[in-house]
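2 protein chains.
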Amino acid sequence: MVLKKYNINPDLALERQKCTFDIEEIINIFDGGKEKTSQRRKIEDVVLKSGLCHDDVPEECMSLKERYENAVRKSCFFSKLMKTELQEITGIEDFETPAIRRIADALFKDISPFLLHLGMFVPTIIGQCTSEQLMIWLPKALDLQIIGGYAQTELGHGTFIRGLETTATYDADTEEFVLHTPTLTAHKWWAGGLGKTINHCIVVAQLYTKGVCYGTHLFMVQIRDLDTHMPLPGIKVGEIGPRMGFSSADNGFLGFNNFRIPRNNMLMKHAQVQKDGTYVKPARHGKLTYQTMVFVRVTLVNEAAFNLSKAVTIAVRYSAVRRQSEMRPNEPEPQILDYPTQQHKLFIGIATAHAFQLTANWLWNTFKSVLSDMKKGDVGTLPELHALSSCLKAVCTSDAALLIEQCRYACGGHGYMLSSNLPYIYSFVAATRTYEGDYTILLLQTARFLVKAWEQAEAGKTVTPTVSYISRSLKGEKNSWRSTDEGIIKSFQAVAAGKIALCVKSIRDRMKSGLDYEDAWLLTTVQLVDAAEAHCRSVILETYCNEVRRLTKSSSDNVKIVMHQLVTLYLSYWTLQRTGDLLRYSSISEKDIDFMQRQYEELLQHIRPNAVALVDAFDLRDEILHSSLGAYDGRVYERLMEQAENNPMNAEPVNQSFHKYIKPLLQGKL
Amino acid sequence: MVLKKYNINPDLALERQKCTFDIEEIINIFDGGKEKTSQRRKIEDVVLKSGLCHDDVPEECMSLKERYENAVRKSCFFSKLMKTELQEITGIEDFETPAIRRIADALFKDISPFLLHLGMFVPTIIGQCTSEQLMIWLPKALDLQIIGGYAQTELGHGTFIRGLETTATYDADTEEFVLHTPTLTAHKWWAGGLGKTINHCIVVAQLYTKGVCYGTHLFMVQIRDLDTHMPLPGIKVGEIGPRMGFSSADNGFLGFNNFRIPRNNMLMKHAQVQKDGTYVKPARHGKLTYQTMVFVRVTLVNEAAFNLSKAVTIAVRYSAVRRQSEMRPNEPEPQILDYPTQQHKLFIGIATAHAFQLTANWLWNTFKSVLSDMKKGDVGTLPELHALSSCLKAVCTSDAALLIEQCRYACGGHGYMLSSNLPYIYSFVAATRTYEGDYTILLLQTARFLVKAWEQAEAGKTVTPTVSYISRSLKGEKNSWRSTDEGIIKSFQAVAAGKIALCVKSIRDRMKSGLDYEDAWLLTTVQLVDAAEAHCRSVILETYCNEVRRLTKSSSDNVKIVMHQLVTLYLSYWTLQRTGDLLRYSSISEKDIDFMQRQYEELLQHIRPNAVALVDAFDLRDEILHSSLGAYDGRVYERLMEQAENNPMNAEPVNQSFHKYIKPLLQGKL
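Just so you know, the protein sequences line up as chains Y and W, in that order. Read left to right, the first sequence gives residues 1 to 670 (our numbering). Read left to right, the second sequence gives residues 1 to 670 (our numbering).
Source of the hints: derived by calculation from the structure; they are not laboratory data. Worth double-checking, as some hints may not be accurate.
Said to hold, decoys possible - Pairs of lysine to any residue residues, derived as SDA-like cross-links and limited to a Cα-Cα distance of at most 20 Å, are as follows:
#1 Lys-669/W to Leu-52/Y
#2 Lys-140/Y to Pro-664/W
#3 Lys-478/Y to Ser-589/W
#4 Lys-660/W to Gln-145/Y
#5 Lys-505/Y to Glu-601/W
#6 Lys-663/Y to Glu-601/W
#7 Lys-660/W to Cys-53/Y
#8 Lys-663/Y to Thr-228/W
#9 Lys-505/Y to Leu-576/W
#10 Lys-553/W to Asn-365/W
#11 Lys-669/Y to Leu-232/W
#12 Lys-663/Y to Ala-459/W
#13 Lys-663/Y to Leu-232/W
#14 Lys-669/W to Asn-70/Y
#15 Lys-660/Y to Glu-601/W
#16 Lys-591/Y to Asp-530/W
#17 Lys-669/Y to Asp-225/W
Stated by the list, open to error - Just so you have them, the derived chain Y footprint on chain W, three or more residues with Cβ under 8 Å:
#18 144 to 158
#19 413 to 421
#20 456 to 465
#21 660 to 670
Because the structure is a prediction, the values reported are computed rather than measured. We put the beta carbon where it would ideally sit given N, CA and C, even for glycine.
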């Protein structure tokens with residue numbers, strides 16, 4: 001722990017004394033071992049010692065332009081730090097370690113304009129370039145001689161990539177591609193860093209050669225002069241304007257007016273255009289591009305977990321410091337953390353952060369084993385992985401956003417202050433629900449897989465592990481409710497199976513009444529989204545449960561107990577949330593529901609003494625939390641007042657608008 | 001309708017041709033008659049013609065200080081307009097008409113620093129002053145010779161008013177009250193306008209006289225010099241710092257250092273302190289202060305409805321303009337409004353805006369009849385009214401916030417742009433869920449009433465109309481599900497009764513196991529919140545249904561049909577959301593649920609052709625909507641690009657940070 005300058009709030013100090021377990025044990029579990037914890041802390045020390053985290057004026061008091069300029073300053077020095085001291089700790093191959101992502105939050109309350117350089121530009125070069133192309137661009141990118149972004153989304157098209165309008169037409173005479181923006185809606189829109197910062201950009205465009213369109217491909221485009229930073233002729237580029245979050249990310253727009261790039265700037269690892277304009281199809285296109293997509297989705301599930309852990313740390317610590325109301329007449333005001341309704345809002349946040357973190361790790365490990373299968377030529381597990389990553393991205397970002405907002409509400413009015421950091425955390429995660437595949441569309445992709453799996457199982461074929469419950473259900477296996485971990489998971493699988501069955505029936509009924517498959521599918525989509533969510537829910541429940549069991553095998557008993565209390569809380573919470581589904585598709589009874597309700601309420605009481613320790617075990621330094629309400633020392637009111645007094649609005653006792661407008665109004669002279 | 005400068009987007013124009021009803025009829029229903037519609041439009045014309053609505057730079061691109069100054073400018077001129085032209089239209093007694101609140105949104109994308117002057121300061125003077133005090137302060141306040149606010153919440157206390165720490169100690173020697181802030185947490189915090197704008201403030205403080213504390217009372221306090229606007233000696237005042245919303249409201253903090261005010265500045269309509277310090281109790285304290293509280297809660301339900309109508313107007317129009325994806329290969333991209341999943345997100349928003357608007361009106365009318373009962377000495381209906389206004393404020397603000405965010409998500413990435421206005425609308429309504437009584441605490445107040453009603457009914461006493469279902473349930477009346485309006489409402493009442501019964505049982509079981517009532521209550525609060533919500537849900541369903549029937553009696557058939565389709569949609573939606581509760585407490589069957597699902601999906605199709613007309617019928621001018629996505633003409637992409645190009649970040653092609661940081665970094669010279 002970092003040394004604190006102030007005394008700890010006595011309520012918080014007492015909470016920490018009550019803790020029944022060694023928080024370092026849990027920290028190690030989530031870091032992936034003692035060494036990883038130690039490496040992460042070294043990285044944090046380097047960044048915190050750099051002095052880069054400090055702002056004279058809080059970001060939220062700056063104008064948008066000032067915020068951007070401040071973020072560029074920090075990004076540049078942080079990049080230098082990464083090339084030097086941090087690389088010594090992590091090694092070059094690990095430049096994207098979660099530890100670096102974590103500590104970046106100490107610098108950027110919002111987001112870095114350089115985000116996509118390491119997040120998308122470099123990975124795409126690695127994944128999509130020929131070895132010759134790699135030799136040209138990768139060293140420059142890693143050495144920051146060029147700064148890049150990734151421009152896919154357009155003003156008129158987001159998730160539906162085939163609809164993109166930007167064209168790249170091959171001109172065999174000059175051996176160049178001509179990039180063009182044929183319509184207003186074809187302008188690239190949203191790419192981070194594009195507005196003012198980057199000088200290179202990977203552009204997704206419809207490839208035309210010899211008069212034929214071959215669909216979207218990737219192109220490396222220099223958009224600004226390296227020396228003057230002026231947009232090159234034929235390039236229209238700028239910032240798209242203020243957003244709910246990502247304020248310092250200079251998200252940009254980009255238009256091309258017959259802008260020419262060399263043939264070799266098409267990323268040609270897979271498909272190629274030869275000098276004469278002949279198009280050469282990729283050998284295994286589609287399959288291999290999964291890697292970036294799955295990587296990004298795992299990252300977003302990670303972000304959901306990480307940001308939820310920040311929100312719940314803030315809200316739990318604040319709830320231990322805040323005292324309000326009375327439980328019985330003339331007694332002192334209790335800590336609000338003592339109210340079961342407050343525990344109900346917050347403890348599920350702790351459990352969910354655990355569940356999502358472990359699910360993200362599991363998904364990534366699953367993917368790595370799929371990759372090694374693929375190298376052996378086996379691509380059979382890819383559709384399952386795609387369906388999994390789709391629904392997990394959708395459900396985890398959505399749940400996290402809701403729970404973060406619940407943490408904010410749980411802090412009452414003070415949660416509305418930007419200095420709490422909760423509104424920023426919400427804005428950030430709310431965006432992840434939309435980008436890289438919208439919630440609804442991703443769930444419908446999973447639903448396609450589920451309906452297909454149903455049909456396969458019906459035809460007697462074997463289905464993949466995460467949907468094996470479908471086969472059991474089709475065999476007529478009845479669900480008998482049991483209030484154990486396994487029993488609950490089985491019942492949630494029965495719910496998923498029941499919902500998929502209903503969708504299949506709806507589609508078939510609609511087809512019988514004369515609709516074709518597409519229309520029948522379309523009219524069933526409300527239910528299909530619901531079925532895919534139910535499937536995802538069962539996967540998360542099972543994964544969380546299994547992973548905790550696996551990871552705490554050698555843990556101390558007290559850690560086992562508290563980690564498993566959270567699992568049981570999570571299972572009970574979702575049981576009570578979904579009584580309707582369970583009554584329809586499992587054998588749960590009124591008595592079982594009463595039991596689960598009582599068990600849930602008792603768990604809140606059991607977890608209560610360890611609540612502060614559990615959020616301490618997220619090991620989030622104050623510099624990462626950026627919160628007046630959530631700092632380790634609990635100096636909540638002092639910080640709120642200090643920050644108010646430093647607010648630039650208070651620099652002068654009387655604002656000029658008094659003299660200009662208010663006084664004339666008061667005197668009837670306006 | 002206002003004349004538009006541009007052509008209407010052809011998709012939107014076509015939507016309007018498809019409309020089956022006369023939108024003016026629905027507009028009149030919600031305004032309260034043709035004359036009211038005409039008066040509202042006159043008000044809007046005056047304000048729009050004033051030129052005050054225009055900003056050279058969009059608000060969201062300004063610094064916080066600039067935003068505040070801009071809002072003061074507009075507030076001053078708007079106040080002048082209200083004293084002159086607008087008063088001619090509305091009459092002095094109607095200065096707070098909803099029409100004026102509506103059009104104020106054309107001036108303030110965020111909020112006016114003068115908000116509490118008319119919203120709380122003037123109403124409190126009217127409600128809490130003696131006639132002598134009224135004569136002093138009311139004319140000055142109405143004439144804007146003084147500008148006031150209302151300071152209740154402190155840094156350490158919000159909803160729990162008895163915990164407030166600010167003291168007002170009577171000094172009989174000088175016939176003054178000494179206002180004092182004894183601790184850090186005693187500082188007033190949050191009051192709108194307090195930071196920089198107002199010169200008077202009604203302060204809530206603990207009254208001490210002759211050494212005895214008589215609880216919180218109200219005091220009129222001048223805090224700034226009328227001529228120089230400097231804080232008076234003994235006053236510490238300033239802005240609390242940036243917030244998630246309310247950015248231009250200069251919410252403030254306030255501390256007193258033994259600050260003296262004349263005895264007569266205590267608002268003495270009810271309680272009094274005589275010259276010698278004798279405290280005189282109010283005759284009917286408590287009962288009469290309900291008026292402001294209920295008025296504010298009705299206002300917040302209205303705000304929920306109004307802001308939801310804005311959000312859903314934006315999202316529906318955008319969904320008619322936006323085309324994306326393909327329903328079947330090689331067909332043109334459909335309007336996204338054609339997707340059932342999109343209809344599922346949006347149409348419930350239209351129905352909910354109707355439901356809440358009509359519920360707010362009904363609540364206000366109910367309150368007025370209670371007031372007239374009270375004048376006859378009958379206060380028997382007050383507890384019911386209090387319970388109603390508590391849960392309706394909680395549930396309507398919470399539902400509206402969720403649905404507004406759903407509208408924002410339904411607009412994909414563009415909903416994240418501040419120029420869509422959706423993030424502002426969300427931030428505004430999210431705040432109303434917290435202030436004037438937090439969601440959870442208000443529902444627990446309703447729960448107290450419900451448990452008491454249960455006990456009364458059990459004892460054979462008659463209970464008030466909104467809880468008469470409890471008596472029916474206690475008599476053993478079984479619910480038999482019917483898929484009609486009345487049938488569904490009855491089933492939702494059965495759900496509420498079942499949940500209240502379970503709470504009563506939980507409390508009694510816990511008492512049997514040795515807990516006292518307070519502890520048993522406390523441990524049941526998670527369920528009690530749930531029961532109160534269920535009660536509220538049944539009230540809204542019934543009120544919406546009844547009011548539509550009443551108000552469309554003389555409507556044309558087509559209006560009747562479409563208004564009732566929305567009611568049925570609302571009932572089906574909530575049935576499907578609450579299958580768990582209905583399976584537990586009503587006789588709904590699997591077959592009934594399937595029927596409701598199919599009916600719901602069919603309703604989406606029936607409402608689809610009228611969707612744009614239905615949001616047009618909210619009659620929200622573009623100046624009130626402030627939305628790049630939701631304007632009447634549907635020029636979505638043009639506006640987005642225009643606003644991006646006007647963004648101050650784009651005023652210079654190269655930001656200075658390139659020369660300062662990026663270039664040195666690229667060249668390895670940082």
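Each hint, compared with the structure:
| no. | hint | verdict |
| --- | --- | --- |
| 1 | Lys-669/W to Leu-52/Y | 18 Å, holds |
| 2 | Lys-140/Y to Pro-664/W | 15 Å, holds |
| 3 | Lys-478/Y to Ser-589/W | 19 Å, holds |
| 4 | Lys-660/W to Gln-145/Y | 16 Å, holds |
| 5 | Lys-505/Y to Glu-601/W | 15 Å, holds |
| 6 | Lys-663/Y to Glu-601/W | 59 Å, violated |
| 7 | Lys-660/W to Cys-53/Y | 19 Å, holds |
| 8 | Lys-663/Y to Thr-228/W | 9 Å, holds |
| 9 | Lys-505/Y to Leu-576/W | 18 Å, holds |
| 10 | Lys-553/W to Asn-365/W | 19 Å, holds |
| 11 | Lys-669/Y to Leu-232/W | 24 Å, violated |
| 12 | Lys-663/Y to Ala-459/W | 63 Å, violated |
| 13 | Lys-663/Y to Leu-232/W | 17 Å, holds |
| 14 | Lys-669/W to Asn-70/Y | 19 Å, holds |
| 15 | Lys-660/Y to Glu-601/W | 58 Å, violated |
| 16 | Lys-591/Y to Asp-530/W | 18 Å, holds |
| 17 | Lys-669/Y to Asp-225/W | 18 Å, holds |
| 18 | 144 to 158 | holds (count 9) |
| 19 | 413 to 421 | holds (count 6) |
| 20 | 456 to 465 | violated (count 0) |
| 21 | 660 to 670 | holds (count 9) |
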